[in-house]
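Peer 1: With chain A fixed as given, assemble chain B onto it according to the hints.
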Amino acid sequence: KQEVTQIPAALSVPEGENLVLNCSFTDSAIYNLQWFRQDPGKGLTSLLLIQSSQREQTSGRLNASLDKSSGRSTLYIAASQPGDSATYLCAVGIQGAQKLVFGQGTRLTINP
Amino acid sequence: ETGVTQSPTHLIKTRGQQVTLRCSSQSGHNTVSWYQQALGQGPQFIFQYYREEENGRGNFPPRFSGLQFPNYSSELNVNALELDDSALYLCASTGAPGTPFYEQYFGPGTRLTVT
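Protein chains in written order, with the working numbering: chain A, 230 to 341; chain B, 98 to 212.
It is worth saying that the hints were derived from the structure and are not from the lab. Since this is a predicted model, take the numbers as computed values, not measurements. Even for Gly, the Cβ is constructed at its ideal location relative to N, Cα and C. Careful: at least some of the hints might be erroneous.
[Said to hold, decoys possible] Chain A stretches covered by chain B per the calculated footprint, using a threshold of three residues with CB under 8 Å from any CB of chain B:
| no. | stretch |
| --- | --- |
| 1 | 255–265 |
| 2 | 268–282 |
| 3 | 294–301 |
| 4 | 327–336 |
So that you can see chain A by itself, here it is in the shape it has in the complex:
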């Protein structure tokens, strides 16, 4: 059974810092990995999608890496801003990517 873990559960940093969020999964047989952002009480906003054959993806200040062999992904946020405060969720696509298995998320707070 695929399990996804995100550490830390919560993170608070001052504005301007670069930071890394971690995601690990137990079964390397994944179709893809997706990082999402969720604001309180809201839906999920897709940030980055990494196919199983890829090593990383970049979008603006965000960079996500994937190491299938070790069952790990990281989300790197450069020059953090207060508007980056949200919960970040990673999810792995399994069963032909018809199903996403989510971690519990990292609640990120950027302090001005």
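Peer 2: Relative to the frame of chain A, chain B by itself:
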């Protein structure tokens, strides 16, 4: 391009009642998935519909059922509501399963409270 929409936004029901939640998929998408997100948890996969047929189901009892219509919109029905069904219900749409870039786009969710 229209994003994923869900209705209603909030809903309060009594234990034992039935509820129907609705989702309109993003333009051009023919696959819809439903997820349940309890407070402080990650979303849990309920089921997926592709071309009006169920195409995979998570570990949810049969009182959770769904439909997909010819225009690819979808409904989630929950019978005999229990207090633990209180959650944010999220709908996601995507292109056909197995397409190279199988990115799922989520709607804003429906907050269901069961009292």
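Peer 1: A separate judgement is required for each hint: does it hold in the structure or not?
Peer 2: Structure-based check of all given hints:
1. Given as covered by chain B, the stretch 255–265 of chain A passes the check, having 4 residues with a CB less than 8 Å from a CB of that chain where 3 are the minimum.
2. Against chain B, the stretch 268–282 of chain A contributes 8 residues with a C-beta closer than 8 Å to a partner C-beta. That satisfies the three-residue criterion, and the hint holds.
3. Only residues whose C-beta sits within less than 8 Å of a C-beta in chain B count toward coverage, and the stretch 294–301 of chain A has 0 of them, not enough to reach three; the restraint is violated.
4. Under a criterion of three residues with beta carbons nearer than 8 Å to beta carbons of chain B, the stated coverage of the stretch 327–336 of chain A is upheld, 8 such residues being counted.
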